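For reference, the chains in residue letters:
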Amino acid sequence: MSEEIKPRILKINVLRFDPNDKNDFPHIETFEVEEADGMTLYIALNEIREHNDNSLMFDFVCRAGICGSCSMLVDGRPTLACRTLTSKLGESITLAPLPLFKLIKDLSIYSGEWMRGLNERLETWIHDKEEELNFDKLEERMEPELADEIYELDRCVECGCCVAGCGTIQMKPDFVGAVGLNKIARYHLDPRDKRDDEEYYELIGNEDGVFGCMTLLGCEDVCPKDLPLQSKIAYLRRMMIKTALKN
Amino acid sequence: MKIIYTDVLIIGGGLAGLRVATGVKERGHDAVVLTLVPPKRSHSSAAQGGMQASLANSTMGEGDNEDVHFSDTIKGSDWGADQEVARMFVHCAPKAIRELAAWGVPWSRVKKGDRTAIINAQKVTITEKEEAHGLITARDFGGTKKWRTCYTSDGTGHSMLYAMDNKAHKEKIEIHERQEAISLIVDDGRCYGAVSRNLMTGELVAYVSKATTVATGGYGRIYSVSTNAIICQGIGQAIALETGIATLGNMEAIQFHPTAIVPVGILTTEGCRGDGGLLLDKDGYRFMPDYEPDKKELASRDVVSRRMTEHIRKGKGVKSRYGDHLWLDITILGREHIEKNLREVKEICENFLGIDPAVDWIPVRPTQHYSMGGIRTKYTGESQTLKGLYSCGEAACWDMHGFNRLGGNSVSETVVAGMLIAEYISDFCDSHESSMHIHSSKIEQALAVEKAKIEKLLTNTNGEDTYVLRRRMEEIMMEKVGIFRNGKDLQEAVDELEELYKRSQNIEVHRSKSRAANPALVNAYRTQKMLKVALTVAYGALLRQESRGAHSREDFPERDDENWLKRTITSWPDANQTLPTVSYEEIPIGNMELPPGWRGYGKDLTKHHHATPGRQATVDAIKAQLEKDGADRFEIQSALMPYLEKLPKKYRGINERLGENV
Amino acid sequence: MKKKKIDKTPARLDFIQSASGLILGLFMWGHMFFVSTILLGKDVMYNVTRFFEGYYFFGESYPIIVTIVAGIVFFIFIVHAAVAIRKFPSSYKQYKIMRNHIKSFKHDDTRLWFWQVFTGFAMFFLGSVHLYIIMTNSADIGPYASADRVVSEWMWPLYILLLLAVEFHGSIGMYRLALKWGWFEGKDAKKTRDRLRSYKYAITVFFLTLGFLTLAAYIKIGIEHKDNVGERYHEQSVTVKGVQQ
Ligand SMILES: Cc1cc2nc3c(=O)[nH]c(=O)nc-3n(C[C@H](O)[C@H](O)[C@H](O)COP(=O)(O)OP(=O)(O)OC[C@H]3O[C@@H](n4cnc5c(N)ncnc54)[C@H](O)[C@@H]3O)c2cc1C
Ligand code: HEM
Ligand code: HEM
Ligand code: SF4
Ligand code: F3S
Ligand code: FES
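Chains as they are written, first to last, in the numbering used here: chain A, 5 to 251; chain B, 2 to 663; chain C, 187 to 431.
Any given hint could be a false lead.
Here are the simulated BS3-like cross-link-like pairs (lysine-lysine), alpha carbons at most 30 Å apart as the crow flies [said to hold, decoys possible]:
1) B:Lys-608 - B:Lys-567
2) B:Lys-173 - C:Lys-191
3) A:Lys-92 - C:Lys-289
4) A:Lys-176 - C:Lys-273
5) B:Lys-146 - B:Lys-608
6) B:Lys-443 - B:Lys-454
7) C:Lys-191 - A:Lys-250
8) B:Lys-3 - A:Lys-106
9) B:Lys-283 - A:Lys-10
10) A:Lys-250 - C:Lys-373
11) C:Lys-279 - A:Lys-26
12) C:Lys-279 - A:Lys-106
13) B:Lys-388 - B:Lys-567
14) A:Lys-141 - B:Lys-146
15) B:Lys-341 - B:Lys-146
16) A:Lys-198 - B:Lys-113
17) B:Lys-341 - C:Lys-373
18) A:Lys-92 - C:Lys-376
Just so you know, these hints were derived from the structure itself, not from any lab. Bear in mind the structure is a predicted one, so any value in this text is a computation, not a measurement.
Modelling step: build the complete structure from the supplied sequences, incorporating the hints.
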């Protein structure tokens, strides 16, 4: 006598707001969705859009946890919605857009603009000596372990979860955040980038940079790519102090 | 009304688009990139496996060079590719990868000494050369003679795209994100940019440019299950089609990837099999050696996908509520290997399946994966029929993939094509030809047309529901225009798609009426466009009465060179027609370096072209003569099919390799 | 290219904050052990006091030594507070943002930080009072004098609060110090962090227990000694072994 397990009826509470609509104001709207096997928030939200409210706005691109588009607050915790299985959540699920970033509508945020600003501010690209490179020649060698180490930090998907999980940056929006510090750690490690320690100090040796981090570690705990943010920030802090002392 | 002028408009911020942008900027032209999402979120970031370039650094790649890469690519394409373009590509791939290395991609490197690898379910020891230590290494990928696929752990596309986007930041390239090109501006047979809709505010903007590049990626999302990102909807191909002038090539050539997880269709990289993973059936039996004793799991993608489908049809699939599937077993690679080299796969298994791939088998089945077809271009990337319109990357049919592309050749194409086409575009912009003669009233008119279309969608009454049409289209494509195709199903598909297309002209956006950020509106106009693209695919497939590469007709199992060694060209000259116009472009055998032959999978069912033996004889004779004269491989190649002249000067240099030209 | 001179102040401030915190933290561990010697008996405490007054070096007690030490500690304390104050929410708005963030995010380490700021704020007042009194009354330390201060001079309520504040603040501070600079990180930073956190809890519990027992001991003595306030303690046994030689 096999007993059919009745699927749960999920109550999905979405913080909604359309800044383009003068009459709108932030409010919670609740949708009911019947849970299915292996359901992720991506699937659930699309069902809501298809069957309940086609104006509900959210961002998914790869829907595979790779591109970093779908970060949102799931029950208060920043995470990638596309790879969040509903079975790991309670019956009532609250979704809200990540704070700090400009809101486009409902769960959709303009994180791209913010990240571009960060990249420009920290100049997150290889600063090579301005010599003409010849790509017919063998590539420059690199120790295999070092390449792996750089890749390890290169894995950041700019999802902004670490930003949403950092109290410091909420209070002080000029702080670069873990995502920025991680990028600096990545380029500092890279022998192809010819910036010296003083130049890095110029970028992050201040209260908006590494010395602004109060080691709250929300970043480390929410990063969906498990980047070693705590270690790398600590490393940068030591390095920056050394640079200042040496000078 | 907002109008933005620039030299080069680039629609698409993936690898291809960004490489074009940096290239033209370097040549001193202004560039604006339009993209639906921040460039770093483009679909290119999902490429895990790697990029092909014949560096020949690792021991298993020894002896590799442009010639081998070329022959793999042409065979892979089932002789559908443009051989000159393929030559240009293989010649520049090593340069492109070295350039990316300089821009910051942390390519995985060769480590000297012994290491163990799994080849053909067997542990083997590979000894890497001392002199290769620290150079870019490569892994095995389907359909290649040598280990040629360079990678960064399991995030190749991600690293490439990040390096590329950062380079674009460095060059201060203007990137306008959340801008969707919804039509191309055409006047007097020339393309002058695009009308774009701001997805945040709904504002329509005209971008007017000397040259316009469509680099919008593939169109996989016309299928209900696809490994593609959900923004790969073929809008770029659609707006080209809607000009009535530009043409699309080989739209029916759709690749299915053997190993996407069930049910969601997320890809597990080919690296799984490249590194030694096996395909098993419901009895845990390894079936691929029965079908392909030679290449086994590492036969070309289309072949493996078909073999899997065949095997499932024999009742050997594992039953599940989402349909039958097979198993991918990577447990034999060991936890350490999986956690280091296949971490993304591990994450996907944990997050989407709740399993641990170091102990559990992964449920997989073939799933739509890549669009070989696209905007048909000349080797310069310019549309064959619409001046000023360029295209590259997955969006284009530049045509180095023919009817099947090799794994790892696609991201490689994006950067190589981007690099070359940027030069051709720059040449065009430098020439007198590029001066603009468009009247501003034309621009305003283009904007007005798009505005009216959107108003109609929002104000229509008693119209069709977008979702109904969209879902049906996806199902039809999946069921009737899938891995195995036949005349009856295809006819039904074309008929029903045409019906859906007609209905789509009467879509009404229900409930959600905002003119600004409005997903329902977006879905509505995209569905109209996607239906056009779907029709080109289904119709092209129906007409092509042969099997070639990924296009596999059960009713025409043989490859028919005599009648079908040609490209399918589709266009939509009249906005009122409900089916695309189809014509064909011959693929001339007379100048082929590698005349049509057998790909080497299954039984040879090829019906050869009458000109093939003649060309083969010519090729053999030239080779024999030159070899006798002691000519080197470059001289022989150039005697068979010269192509260097076509390349921009700065990319003509001979590639260095260990032991060759160093 | 001539290099711009980098501004070293932020680095210095961060260093000073941590160094002062570390010194204070270590000092407080020592302090709690010394003060708690009362639990081993009045004699022991008396001798410890005399030790700090230099009795065993000079053969005579110089409370001025304690005054000087307390002065130094007070100075470090002020420097630490002055530097650490940068980290306080600088407006009500910021404070509110942080409160809301903590409420919705429910993240342990962020909460810990909040407690540290809160206790630090409390110590502005509590700590200053205590230090000032000790500095100015350095002669009045001893089994009876201290107990009298605790009970008859009504210091016990302040000590309860100060004890709570300093123990939480100190142990959280030491834990965060280790993470902040990556000490003891080892191979697996996440595991290390878990371990450090359990140490932190253990240390808090240990010192709070010790502190309250100590305080209880002073209160007991203080109540017993209530009628003789002002009387100084003298050793019962006149000879102290090992000192006579
Ligand atoms: C899961 C997966 C794994 C893969 N792995 C590999 C691999 O290992 N090796 C390999 O070689 N290939 C691989 N591929 C294929 C390869 O990733 C793609 O073919 C390639 O990245 C396409 O790059 P692109 O620049 O042409 O397009 P994309 O990266 O898709 O970029 C398209 C761009 O166009 C923009 N866009 C689209 N429409 C519009 C519009 N209307 N207006 C404005 N902008 C628009 C988008 O925002 C985006 O920026 C893989 C593909 C998939 C699906
Ligand atoms: C007026 C008294 C005090 C105030 C206002 C104060 C304030 C603070 C603040 C706000 C911080 C957090 C700094 C940050 O987040 O980066 C801090 C850190 C710290 N405090 Fe205090 N504190 C005081 C006294 C003490 C005392 C008495 C001790 C000794 C137990 C102490 C030990 C520490 C330690 C070890 C740290 C960590 C240092 C760091 O993070 O760099 N503090 N203090
Ligand atoms: C050199 C400096 C210091 C000296 C000499 C000193 C000395 C003492 C002494 C003698 C006592 C016992 C009670 C008394 O006599 O009043 C005491 C108790 C106490 N001190 Fe200090 N102190 C110093 C600095 C500090 C600092 C910086 C703090 C924390 C900010 C502090 C916190 C406390 C607390 C909480 C108690 C009560 C402990 C208990 O009863 O458990 N002291 N101190
Ligand atoms: S560091 Fe982690 S959390 Fe932060 S943006 Fe990068 S991937 Fe996201
Ligand atoms: S949460 Fe914020 S304060 Fe530092 S450790 Fe992470 S950046
Ligand atoms: S949609 Fe790409 S990470 Fe979620």
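To see whether the hints hold, each was checked on the structure:
1. B:Lys-608 - B:Lys-567: Holds. Lys-608 (chain B) to Lys-567 (chain B) sits at ~14 Å (cutoff 30 Å).
2. B:Lys-173 - C:Lys-191: Holds. Lys-173 (chain B) to Lys-191 (chain C) sits at ~27 Å (cutoff 30 Å).
3. A:Lys-92 - C:Lys-289: holds, 21 Å
4. A:Lys-176 - C:Lys-273: holds, 10 Å
5. B:Lys-146 - B:Lys-608: At roughly 25 Å apart (the allowed maximum being 30 Å), Lys-608 (chain B) and Lys-146 (chain B) satisfy the hint.
6. B:Lys-443 - B:Lys-454: This hinted pair holds, its Cα atoms lying about 17 Å apart.
7. C:Lys-191 - A:Lys-250: holds, 12 Å
8. B:Lys-3 - A:Lys-106: holds, 23 Å
9. B:Lys-283 - A:Lys-10: holds, 29 Å
10. A:Lys-250 - C:Lys-373: holds, 28 Å
11. C:Lys-279 - A:Lys-26: Holds, at roughly 25 Å.
12. C:Lys-279 - A:Lys-106: Answer holds: Lys-279 (chain C) to Lys-106 (chain A) is near 19 Å, not above 30 Å.
13. B:Lys-388 - B:Lys-567: Holds, at roughly 23 Å.
14. A:Lys-141 - B:Lys-146: Roughly 24 Å between the alpha carbons, so the hint for Lys-141 (chain A) and Lys-146 (chain B) holds.
15. B:Lys-341 - B:Lys-146: Within the cut-off at roughly 25 Å; holds.
16. A:Lys-198 - B:Lys-113: At roughly 27 Å apart (the allowed maximum being 30 Å), Lys-113 (chain B) and Lys-198 (chain A) satisfy the hint.
17. B:Lys-341 - C:Lys-373: Holds, at about 16 Å.
18. A:Lys-92 - C:Lys-376: Within the cut-off at roughly 23 Å; holds.
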